[in-house]
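> Protein chains in written order, with the numbering used here: chain A, 70 to 226; chain B, 70 to 226.
No lab work stands behind these hints: they were computed from the structure.
Take the hints with a grain of salt, since some may be wrong.
Pairs involving identical chains hold if they fit within one copy or between any two copies, as the list cannot separate such chains.
To be verified - Each computed EDC-like pair below joins lysine to aspartate or glutamate, with the alpha-carbon atoms no more than 16 Å apart:
no.: 1; residue 1: LYS137; residue 2: GLU226
no.: 2; residue 1: LYS106; residue 2: GLU165
no.: 3; residue 1: LYS106; residue 2: GLU163
no.: 4; residue 1: LYS137; residue 2: GLU216
no.: 5; residue 1: LYS137; residue 2: ASP218
no.: 6; residue 1: LYS137; residue 2: ASP209
2 protein chains.
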Amino acid sequence: MKHTLIAAALALGLQPPADAGEGTAYPDGYRLWTHVKSMTIHPGHPLENPFLGIHHIYANPQALEGYKSGRFADGSVIVFDQLQSLTADHASSEGERVLVGVMVKDGTRYAATGGWGFQGWAGSSRDQTLVSDGGAGCYDCHTAQAERDYVFSTWRE
Amino acid sequence: MKHTLIAAALALGLQPPADAGEGTAYPDGYRLWTHVKSMTIHPGHPLENPFLGIHHIYANPQALEGYKSGRFADGSVIVFDQLQSLTADHASSEGERVLVGVMVKDGTRYAATGGWGFQGWAGSSRDQTLVSDGGAGCYDCHTAQAERDYVFSTWRE
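In isolation and in its complexed conformation, chain A is listed as follows (with noise of 0.2 Å):
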């Protein structure tokens, strides 16, 4: 887990965990949110450092308006929870978790992000933050989907 964790800090361009000061909070309850969606990363994909495993998207209450309506409004949150993926037996299961993301939308004080703030909290702490770079790594990713208000998933009934 230590070299996944401290993979996924230099892949995001970032120092070592540290004190937040992204002022990005902790998504809170997140476990309770709608799930929108998963996805399995295998080695190979250009994303697998850091996100190599399985991730599942969960999206607050704003944000489940703004997947329906494609615009997502101010407190917005759309959390990325990432788990090691295990697969033995002919079977994929969920492991450890690697990271806990996040996109919070704010128009205002993110607006050079997109309105979007991005920060990611390693394993399952909610003290050791990933991002230090204002969300800038995440944001140069995310442009791809501007046309999509920066979100790359999408809902499905």
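Start from chain A and add chain B according to the hints.
For chain B alone, coordinates are given in the frame of chain A:
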């Protein structure tokens, strides 16, 4: 898809999809329930027919309580939402829905099957039911979990 669904019906020991009659209702709104966990069944797994692909487990509020206490009260509903797992370019994504399965707790009504009623619906349909043996086939497998009130999945924070 058609072959998958027919295979699913046959593997469940059942006749082709027919009108419900088993009395277990479709779990309206389950996509907004709590996501418990996910797993992917690969070819070669003993349950690949009919459970090949990714499945997400959802719990209604009563069932969520049951996961935490170990005993599921009447009214608990657990959903098994099975989608194709599509692997390409070193990633596995969700494809079409294969089936929706439910366990509904009613200790009196379903006393013969551990207090749980079992039903499934082909694809995203709400009328093509898959279980017509009163849940006996499902229960046969779930008895392995009798000490956990016949539930395989467990809650993780």
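> Looking back at the numbered hints, which does the structure fail to meet, lowest number first?
6
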